[in-house]
Amino acid sequence: MGEARDGVKVKRVVFVTVGTTCFDALVKVADSQEVKDELYRRGYTDLLIQMGRGSYLPIKSTGDDGSLAVDYFTFSSSIADYLRSASLVISHAGSGSIFETLQLGKPLIVVVNEDLMDNHQSELAEELAERKHLYCARPLTLHQTIAGMDLNSLVPYSPGDATPVAKLINRFLGFPEES
Amino acid sequence: MEKNSSCCFSNLSSNLPITCLITFITIFLHRVLNVIYRTGKPLGKRVSPQRPLSTLIVLGSGGHTAEMINLLLVLRKERFTPRFYIAAATDNMSLQKARVLENSLADSSETKGLSAEFMQIYRSREVGQSYVTSVWTTLVAMAHALWLMIKIRPQVVLCNGPGTCIPLCVIAFFIKVIGIRRSSIFYVESIARVKRLSLSGLLLYKLRIADQFFVQWPQLQRKYPRAHYVGCLM
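Top to bottom, those sequences are chains A and B. Mapping of the first sequence onto our numbering: position 159 corresponds to residue 149, and the numbering continues sequentially without gaps. Quick note: to get our numbering, add 377 to the position in the second sequence (first position is 1).
Accuracy of the hints is not assured; some may be wrong.
[To be verified] Computed, partial: chain B to chain A, Cβ under 8 angstroms: (1) 420; (2) 421; (3) 422; (4) 423; (5) 426; (6) 429; (7) 440; (8) 451; (9) 456; (10) 458; (11) 459; (12) 461; (13) 570; (14) 573; (15) 589; (16) 610.
[Stated by the list, open to error] To be clear about the criterion: a stretch of chain A counts as covered by chain B if any three or more of its residues have a C-beta under 8 angstroms from a C-beta of chain B, and this derived list gives those stretches: (17) 74 to 86; (18) 135 to 144.
[Said to hold, decoys possible] List of simulated lysine-lysine pairs, DSSO-like, C-alpha gap at most 27 angstroms: (19) 96/A / 122/A; (20) 96/A / 474/B; (21) 50/A / 18/A; (22) 157/A / 600/B; (23) 474/B / 600/B; (24) 572/B / 600/B; (25) 572/B / 583/B; (26) 572/B / 422/B; (27) 122/A / 572/B; (28) 122/A / 50/A; (29) 454/B / 157/A; (30) 157/A / 583/B; (31) 418/B / 583/B; (32) 600/B / 122/A; (33) 96/A / 18/A; (34) 1/A / 583/B; (35) 18/A / 1/A; (36) 157/A / 572/B; (37) 474/B / 454/B; (38) 1/A / 96/A; (39) 454/B / 418/B; (40) 157/A / 422/B.
Honestly, the hints are just simulated from the structure, not real lab data. C-beta: ideal position from N, C-alpha, C; glycine also.
If we strip away everything but chain A, and leave its shape as in the complex, we get:
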């Protein structure tokens, strides 16, 4: 489709998603000049922000003047298409968004919302970052993470498996083992 302009420029989209939450701190920092410059330097051409219930509106830009093109929307019934067309995903720490992105094999930076009261969400992001499946950042450190990331060092996530649970449930209830 719109992949090449005169065969020179290939679209490389950064998709930012906050899910159904309100996470203005992430939207704001993704829209900051610092982060946009860093993304542009790393070869990305477009920034698409799914801003959820937040109130901060990013500044739209067509990117004709040799900078990042910026666009945003609030919600979509299917985030999957946006994830699929992205070259980099920057997401809130919800487990739904994290695993949907990892299972599509997309490079992912998770930004932890420090304003949440019960912040258990950082546990999952930090654990997966330790296992090198993704990068974990805070709103204030996002630009450093983008500058320092090495996407080739990320380890692909192999999808989980529910059969061990099913096996234990079946055994407990006295159903015969599956052959």
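Keeping the supplied structure of chain A fixed, place chain B upon it in accordance with the hints.
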């Protein structure tokens, strides 16, 4: 002599309610302890493995529902029939996902007729609701949960948080105590919980309400030794 016996009689009659109460409490406590003792003990080999078990599936929301669907995909449906899905009244997405799953089953297998029902349950407290009104809404939610559980009387309860599953599990526990139905309660802690259990998980673990308790990270299993480590569901 006569005086003495009538005195004895009046003494007995005034003690009767107390005696009844003590007897009742003793039987009740005995039942509670008995149920707790049997919790977590496998049911043993089923006499007729073909007989399916009625199953209640409590859907959380978002990530919780996705994990539950992954589990349902690998369970043999003919063993867990009929299936009752319950989600919070404020959560429309979860039941929708369960319907998609059930429809795909109806298309692919020979199971005739709908073996699934979908229900919503009131939540005891919405985010940001005041504590004064939440007393009333909690009562309504409990009554609603009780009504649904008496109607369903599931043999198997599958849940993975968040809070919606607590009243249902507690009622399932008391249905066991009364002896109406012995249901097996399975709880899978969310994949998002790496180091600490959720409040729902902690309650079901500590109060020994869950027959089997699953965690998805080894760190948690080390901290809660009665839990089973099962790896990631997602």
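With chain A as the partner, please determine if residue 573/B meets the hint condition of a C-beta pair closer than 8 angstroms.
holds (7 angstroms)
Do the numbers back the hint for residue 421/B, that is, is its least Cβ distance to chain A under 8 angstroms?
It holds, given that the least Cβ distance between residue 421/B and chain A is near 5 angstroms, below 8 angstroms.
Proposed proximity, residue 157/A with residue 454/B (alpha carbon, max 27 angstroms):
Within the cut-off at roughly 14 angstroms; holds.
Answer holds if the nearest beta-carbon of chain A is closer than 8 angstroms to that of residue 610/B; otherwise answer violated.
Holds - the Cβ of residue 610/B comes within 8 angstroms of chain A, reaching about 5 angstroms at its closest.
CA of residue 96/A to CA of residue 474/B, is that 27 angstroms or under?
Holds, at roughly 24 angstroms.
Hinted contact residue 589/B with chain A - closest CB pair below 8 angstroms:
Since the shortest Cβ distance to chain A is 6 angstroms, the answer is holds.
Taken at face value, is the distance from the CA of residue 418/B to the CA of residue 454/B at most 27 angstroms?
Cα-Cα ~23 angstroms, so holds.
Can you verify the interface hint for residue 570/B: is its Cβ closer than 8 angstroms to any Cβ in chain A?
Check passed: Cβ of residue 570/B comes within 7 angstroms of chain A, closer than 8 angstroms.
Do the alpha carbons of residue 122/A and residue 572/B lie within 27 angstroms of each other, as the hint requires?
holds (18 angstroms)
For the pair we were handed, residue 96/A and residue 18/A, check the Cα-Cα distance against 27 angstroms.
holds (23 angstroms)
Would the pair residue 157/A and residue 600/B pass a check requiring their Cα atoms to be no farther apart than 27 angstroms?
holds (23 angstroms)
Straight-line alpha-carbon gap residue 1/A to residue 583/B, limit 27 angstroms:
Violated - the C-alpha atoms of residue 583/B and residue 1/A are around 53 angstroms apart, more than 27 angstroms.
Against the hints set out earlier in the document, violations occur for numbers 6, 10, 11, 12, 18, 23, 26, 28 and 34.
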